[in-house]
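**Student:** Start from chain Y and add chain U according to the hints.
Top to bottom, those sequences are chains Y and U. At position 114 of the first sequence (counting the first as 1) the number is 114 in my numbering, and the numbers step up by one without a gap. At position 42 of the second sequence (counting the first as 1) the number is 242 in my numbering, and the numbers step up by one without a gap.
Simulated from the structure, these hints should not be mistaken for lab results. Check before you lean on any hint, since a few could be wrong.
Said to hold, decoys possible - Calculated pairs, PhoX-like style, for lysine-lysine (alpha carbon to alpha carbon, straight line, at most 25 Å): (1) Y:Lys194 / U:Lys309; (2) U:Lys298 / Y:Lys43; (3) Y:Lys119 / U:Lys309; (4) Y:Lys121 / U:Lys309; (5) Y:Lys103 / U:Lys298.
Bear in mind that the values here come from a model prediction, so they are computed numbers and not experimental data.
This is what each chain is made of:
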Amino acid sequence: MAYLISPINGYLPDSNPLYFFDANAWIAALKSTGNINLDFHEKPYVDFFEAIVALHTHKGTPYQKKIKNFPKFVMCSLLLSEIINAYMRQVAMKVYYKNNQAKYSFKQDYRKTADYSAKLKSLISDLMAFRDYIEVLDDDFKKVDPFSIIHLLNADNDFNDFYYFYYLHGKGIPIVSHDSDFAFQDLPIITNQKNLLGLI
Amino acid sequence: MTTINIAQLIGTPNAIIQKFGLQVFEETKNVIAKGDNVELYFGDLSNTTTGFFHASIGNLFKNYGNRFNTLITVSGIEKKEDWKEKFEEAINLVENPKQATEIDSAISKLFE
Numbered sequence: 001m002a003y004l005i006s007p008i009n010g011y012l013p014d015s016n017p018l019y020f021f022d023a024n025a026w027i028a029a030l031k032s033t034g035n036i037n038l039d040f041h042e043k044p045y046v047d048f049f050e051a052i053v054a055l056h057t058h059k060g061t062p063y064q065k066k067i068k069n070f071p072k073f074v075m076c077s078l079l080l081s082e083i084i085n086a087y088m089r090q091v092a093m094k095v096y097y098k099n100n101q102a103k104y105s106f107k108q109d110y111r112k113t114a115d116y117s118a119k120l121k122s123l124i125s126d127l128m129a130f131r132d133y134i135e136v137l138d139d140d141f142k143k144v145d146p147f148s149i150i151h152l153l154n155a156d157n158d159f160n161d162f163y164y165f166y167y168l169h170g171k172g173i174p175i176v177s178h179d180s181d182f183a184f185q186d187l188p189i190i191t192n193q194k195n196l197l198g199l200i
Numbered sequence: 201m202t203t204i205n206i207a208q209l210i211g212t213p214n215a216i217i218q219k220f221g222l223q224v225f226e227e228t229k230n231v232i233a234k235g236d237n238v239e240l241y242f243g244d245l246s247n248t249t250t251g252f253f254h255a256s257i258g259n260l261f262k263n264y265g266n267r268f269n270t271l272i273t274v275s276g277i278e279k280k281e282d283w284k285e286k287f288e289e290a291i292n293l294v295e296n297p298k299q300a301t302e303i304d305s306a307i308s309k310l311f312e
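Chain U extracted, bound-state conformation:
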């Protein structure tokens, strides 16, 4: 089991943009590709956003599907009450891709 300290990986306690989530996604994939399981440690973070969770957890769930729970565990996510909700929302959107498309379409409409 390899522990990825997210704050150390992204270089800030603020996991607030999708770019940082994609860093977590790529690093986790690299570890798993070498045959190891991953523990994602949230405990040193101060802030997270839904965008970060979409890019990290959402992409990992999309990539590994049912194997997600055997390959990846999370810790420190209980630090703030709503982090677990954001985690679950990211997974929920992968399971409901139509809803994700509807959200992005509604946002795109703002730009027309």
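Just chain Y, with the same shape it has in the complex:
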């Protein structure tokens, strides 16, 4: 057992054929406005995400021979659900209601607004634009065995983190995440999270 954690800065994007970006990294890559005045944690993840996409422009050029892989992003149903829900609730709704989000219901109030429809349409359109760069995989729900996970849950972790660990374990697909809870061994993790980097 060992931590297989790599710093995202300096990691070569063509090192692997597939990457699993967590929902937050996806949201940052899709929806940050690029306001360079912000000192944002997500920048290394956006840069790495974009570097993967940019690699594909070298296909069919003389430079292609120098590239080990033209990687794709893994997508499973749990991840897609997380991206949509986290973005709509924690970004779109939050911005719409500004500091008063707690006064409103996502279902009863926000989902009835024109802003909800516009933001959802925009998010779906952005996700669809990446179709050629996404490898859709099954969730392996039966294989992972959810009953082996739920008894491990406690106040310090959540189901999805455990699920992703068991789901990706042994597949050789690195997870790209800033989540400090993701301190799992024997799973390649690419991060800029200082607590995770402190484990290596």
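**Tutor:** Relative to the frame of chain Y, chain U by itself:
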């Protein structure tokens, strides 16, 4: 008038990352700096994203302000129904910088 074929410039029909938008921004600035106007041609693209529009159109609008419409025209943007919406959203965010900051702040919070 110089036409910039975006797909040719970025080397892909998928204008889906901010890096590609920044390429369009820089190339457009270079042409305008030489005294010419620019037509941005979207027609050979297959996909675009809001991130691409923020980095290209948003930055151009931020840079040229009211002169944007006299210096830059767009064509082929009607190819897909929502491209014009993304174009307008990018301009809207430049006109409402507070909202852009709120979006980026909400995203940053996800990483805390």
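**Student:** So, for every hint listed, does it hold in this structure?
**Tutor:** Outcome of the hint check:
At most 25 Å may separate the alpha-carbon atoms for a hinted pair to count; lysine 194 of chain Y and lysine 309 of chain U meet this at roughly 16 Å. About 20 Å separates the Cα atoms of lysine 298 of chain U and lysine 43 of chain Y, which keeps this hinted pair within 25 Å; it holds. Between the alpha carbons of lysine 119 of chain Y and lysine 309 of chain U the distance comes to roughly 19 Å, so the proposed pair stays at or under 25 Å and holds. Between lysine 121 of chain Y and lysine 309 of chain U the alpha-carbon distance is near 23 Å, which keeps this suggested pair within the 25 Å criterion.
This hinted pair checks out: lysine 103 of chain Y and lysine 298 of chain U have alpha carbons roughly 22 Å apart, not beyond 25 Å.
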